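This is what each chain is made of:
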Amino acid sequence: MKDVIEGRVWVLGADVDTDQIISGKHLTIIDPNELKKHVFEIALPEFATEAREGDIIVADENFACGSSREHAPQAMRAIGVGAVVADSFARIFYRNAINLGIPTIEARGVRKIFEKGDTARIEMRAGRITNLRTGSYVTFPPLPPHLLELLEAGGLVEKVRTELARRKAAAGAA
Amino acid sequence: MNGPHGHGMTMAEKILARAGGLDHVVPGQIVEGNVDLAMMHEQGAQTVLPFHQMGAETVWDPDRVVIAIDHWVPASTEGAAILHRILRKFAAETHLPHFYDVGNHGICHQILAENGWVVPGDLAVGTDSHTNMLGAMGAVAAGIGPTEMAAVLALGQLWLKVPPTLQIRVRGRFGRGVTAKDLILRILGEVKTTGATYKAVEFTGPTIEALSMPERFTICNMTTEMGAKAGMVAPDETTFDYLRPIAKHSMHPLRSDADAAYERVIDIDVDGMPPMVACPYSPDNVRPLPDVVREHVKVDQVFLGSCTNARIEDLREGAAMMKGNKVAPGVRFIVSPASTKIYAQCLAEGIIEVFTNAGAVFTNSSCSACFGGNMGILAPDEVCASSSNRNFPGRMGAKEARIYLLSPAATVAAAIRGELTDPRDLM
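The listed protein sequences derive, respectively, from chains A and B. In this text, residue positions in the first sequence follow this note's numbering: the first is 1, and each later residue adds one. In this text, residue positions in the second sequence follow this note's numbering: the first is 1, and each later residue adds one.
Bear in mind the hints are in silico, worked out from the structure with no lab data behind them. It should be emphasised that the depicted structure is a prediction, and the values quoted were computed from it without experimental measurement. Where is the CB? At the ideal position from N, CA and C, for every residue including glycine. Hints are all accurate, no fakes.
For each label pair, taking beta carbons as the anchor points, the in silico distance ranges come out as:
| hint | chain 1 | residue 1 | chain 2 | residue 2 | range |
| --- | --- | --- | --- | --- | --- |
| 1 | A | R166 | B | P62 | 17 to 25 angstroms |
| 2 | B | P206 | A | A48 | 48 to 56 angstroms |
| 3 | B | E209 | A | G117 | 53 to 61 angstroms |
| 4 | A | V4 | B | E295 | 50 to 58 angstroms |
| 5 | A | G117 | B | A320 | 54 to 62 angstroms |
Generate the whole structure from the sequences, applying the supplied hints.
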């Protein structure tokens, strides 16, 4: 995980639920490269074709509320989204995104300081998000250590792989 | 029991303390919790790859894992068939015996409930957001994603931040035609979709204590729509009576201390409360149904189903209203029981006959029309009256379709009249 993340911004409103990110009719798709063609089909239809690697999603309150579908962050990861920032998140999406290694940041007031196409600069450890076009910024409490650890490991798969290998080695040595 | 902060613990705190092997926890604390029950539906197919990528070979405790397919049963697309096959293969390879497959199927949360898979004191997780429903057993039951589930299957644990608890105290008696669904809709109207984000919601008070288990399932189910990590009701004789014949493992009933600290307390009095409705496009856009009825909202489709409201009690009540009536011309009425067991009960009690003769479509058990990916899909600008739990844009098909969330009785009333109707007018 980079400490400073910069990228072009896409903005979304409040209560964008997971149906508006990946709708129910696409839930049998499990290939992330196929899923990414349908991401934000309802909320932001041009995103799937126009988004570039490193782009940053800035949303208002309660982003990705609704279902537990990991298809939503999977599709964002497949596109190469650099970070997801919102005034607030629904809890399952927040966990899912961090588990997949996507920098996911809750920052009060962040939606208001950005417009589509602005460039955001996120300082993960300092806890600051700046609009490089306007200079305005908001601060956020840096992620707790266990979540930073998870992101640094590259996500939950990597973290558990290390843990299982450690247990195996310990069992072998005993 | 007083902790370092000089007050007792809430039920959610006690359950997470138990799961983490700790005497005391406080909100905000991170707990590595031992999982009592892990449930997967079709989304579990996405658990298999990360499970193998983690280097895991065996599941921590196959007797604590339930697989219940429900979104596309029987498989309605090739994609769904592949998800089912992935799960069957995984279950065979990792020796998971508790697979509720086609013919023995039902909506995953109902399968957990009616087979006693979640009991008081449990920490349960499932790959569906409405896992909260099982908190009605006096448990912490939360939805997680499939990668996280892979870690749970490998380790039997997951981290949880101890949530602060929102207490909702309910008093008063439901009037005729007013149900637990109307209560949870009204609460959503007050608490809103973010009012309980990351929090535990504990329902207390005389009205809650008088609720049956199915009614408690309905209210805990929709704490998901408030953003809650868990929705729960303290275990009591109603809980024990329900679970005693079916509990799959031992109960550890835990209740909030009298001096537990709640983040917020909300008082609700249901005396005189009318039936409620959540209007498009949010479950918290709640109004008294009689106000909306005056606007003559015509419906194209009616859905009586979902994990929120498709238990035998809901379908009996619906059938009693349907008997002697017909589905209004031009209206499609879909009725989908929450499990195969409930389907069989409906068959034995003549409920299928009542709905079918009235012109409804009585389907096999599944999530059905609720999620817009299987059947009962809405075209642009169509209107649906539904007993389910979400009405965000695109939930049941076209993003321009409009969904009204109602009690089972109010959905049947809409099917009979062809427009939103106060069920009390037909009782």
